[in-house]
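Trainee: Position chain B against the provided structure of chain A, taking the given hints into account.
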Amino acid sequence: MKEPINTSSTPQIHPSVWLGRQAQTPTGLSTGYPELDAILPQHGWPKDGITEIISAPGRGEVSLLLPTMQRLQAISTLVWLSPPWVPHGPYLAHNGIELSRLLYVQAQQPEQQWAAEETLKESAIGALFYWPNKPLSFTAYRRLQILCAEHHKACFIFMQKAASNTPCSLKVEIQNRGMNALRLKILKSRGQWQQPELDLPCHNVSSFRYA
Amino acid sequence: MWLYVYMPHLYLQSLPMANEQPMALIHPRHNHILDMNTAAKQSGIKHDMSLSTASLLNPQCQWISLHTETQKTFHENAALTAGKLASWVSLDEEDGLYLEIASMKKLMGDGKTIAQNLRIHLPHLTLFIASAPNAKAAKLLARSEIEQHLSDRTLLLFMKGLRCDRLSFPPSLELALKKLGIRTLGELFKFSAQDVAYRIDRELAKELQEITGERTFLPTPFKPSPRFYYDIPLQHEAEHQSQLRFPIKNILKHFSQFLQESNLTSQQLQVDCFDREHGFYSLPLRLARHTHMFEPWFDHALKKLERFHPTTPIIRLVSHTHELQPHKGETPSLLAESTSNINIDPLLNTLSTRLGADHLGFLSTHPHHLPEQQTLFTLAPERHTPLQPLALPVSVLVHPPKPVRLEHYHLLQGPHRIHSQWWEGEPVVRDYYVAQHQQEALHWIFTTHQQKWYLHGYLS
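Residue numbers (this note's numbering), protein chains in the order written: chain A, 1 to 211; chain B, 1 to 460.
Chain A extracted, bound-state conformation:
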């Protein structure tokens, strides 16, 4: 007599093999925008993976991440690696960013990649915000992705043009920036096929003193 097949126990799968259902668990970092959280499969930015932000400078790519930065700074230090411009301290401080917990690192390739990897290994760091001065190779992406997963770190990579086939967890494009809103498109997200678009409110420029 044939023994019945036991379907209740799942076969042992190596922990590094990624399963589609893992993405369904709502363990992301809240973006600070409920409408954006609602369309992301992890209900926020990936906590232990790469988020790629595709945007020309001036489309609100920093403002988009300010709520997340504020939340992460409460428990850790953040690193800005090689931004191609100079951060404006008073603006960040006014928007609730604690400057003593924001480390600014300036490096060129190949030191850039090394610095990114060292940063992700450090337990005191909450997230890495990385502006590579050249498009990253697939290997470099993969190394960062593995380090993010191993050390449970969020990594935000800022690119001006979207490269195809990058092993990131989430790829978001900021399509345009108006006076009071910015338009986003989700190009890739683990755990869903859709590529939704939405408008997010951002700082009202007219509220500044010289309006």
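Certain hints may be false.
[Stated by the list, open to error] What follows is a list of derived Cβ distance ranges for each label pair: (1) A:K121 <-> B:R245: 16 to 26 Å; (2) A:N133 <-> B:E426: 41 to 51 Å; (3) B:T378 <-> A:E117: 24 to 34 Å; (4) B:Q439 <-> A:E117: 30 to 40 Å; (5) A:S137 <-> B:R276: 37 to 47 Å; (6) A:K121 <-> B:P367: 36 to 46 Å; (7) A:N133 <-> B:N77: 40 to 50 Å; (8) A:A163 <-> B:R245: 37 to 47 Å.
For the record, the hints were derived by calculation from the structure and aren't laboratory data.
Even for Gly, the Cβ is constructed at its ideal location relative to N, Cα and C.
Mentor: Here is chain B on its own, set in the frame of chain A:
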């Protein structure tokens, strides 16, 4: 027996600069002349003159602002040199030294001999040296530029004959003595201490007693600031950097032990690797943050060694530093914030090893009307950033501003005028606008009087 060394031009003469060029030392805040060299003196610059007057007299003169820490270093260096000739050296004011010379008279000689030796050891300095049985008597003579070496027997006799207007008394005291008709020290000595204190000055009465020896004055001995020096000859010549790992580990263990025993921390250690021909390779170790722990130093040294390629075999290692700071221990508190245990020093040290300490830092704000001056970078940030009143909408700046063409923009808001102050050199007048670029992005651009347009930031 005491010897006093007065170094009136200590600061200027200790600077590594050519003496032929006119130079003057100015007060950092009040901008008046504190000291000048001969070349500056010849152009008419005088002590206590205002900087504006002095610059009119000699526009080519080099103005050096007095830095208190540098002055202290120069003074301590002179004291260290003098310490080779006396067992007790004390610092006095900013430019004087007391040397106790009686206890080492047999070894070092009398006042005259020590004065000669001091001139040999400090050839770059103008010195006025006097010795006397009492420290204050020696000081009065040297500061009055009277080079005398007096004994117990000759002290009072010589002092009594000194004219008061030749001595380095303050002008107010000199005037008070003139009013009383006192011309020499001998006439002043005739008064009792109480009389001098009542009629002239209480401090003068005390000083006179110390000069004559009625009251004992002992200056506080100078304790040199701690320095680390460790010299190890290698048993075998090191031809490859990997052979230096063990000796450097040994050095760093000693260094860490020295720091912990002295309750100090350090950020910098210089390791000089000498080869057989007495040439040396410098291996500077510099951490981003001060520490007394062995591990960060060793990690840093290993990373430095990876890039260290000596071409000749190393036979000796000499490590030294004088950049040491007292260790500030942290008091644990039950009410401490949950975030207080965030320690990013290991990361800072790792990154600075390869990138250099000047490539990383924390932001801090600085009150200034020009946007490019409002953000500073520092490795030691303030604990909490004070909330800034928002003046500008821009989150990131382009530095230096990039020329742009107005045709690519649609102006949305502005102008907002920012201009520099008249005392800041070249005047800056900018009219800023928030403008939408063709790429659907918001830029912060400005125009100048010349009708040129520049991109200065993004509303990122």
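Trainee: Does each hint fit the structure? Answer for all of them.
Mentor: A quick look at each hint next to the structure:
Between K121 of chain A and R245 of chain B the beta carbons are some 23 Å apart, a value that agrees with the proposed interval 16 to 26 Å. Between N133 of chain A and E426 of chain B the CB atoms are about 32 Å apart, so this pair departs from the stated range of 41 to 51 Å. At roughly 25 Å, the beta-carbon separation of T378 of chain B and E117 of chain A lies within the given 24 to 34 Å, and the hint holds. Against the hinted window of 30 to 40 Å, the Cβ-Cβ separation of Q439 of chain B and E117 of chain A comes to about 32 Å, which satisfies the hint.
The supplied range of 37 to 47 Å is met by S137 of chain A and R276 of chain B, whose beta-carbon atoms lie about 45 Å from each other. Distance hint check for K121 of chain A and P367 of chain B: the Cβ-Cβ separation is about 38 Å, which falls inside the suggested range of 36 to 46 Å. Distance hint check for N133 of chain A and N77 of chain B: the Cβ-Cβ separation is about 46 Å, which falls inside the suggested range of 40 to 50 Å. Between A163 of chain A and R245 of chain B the Cβ separation comes to about 41 Å, which falls inside the hinted range of 37 to 47 Å.
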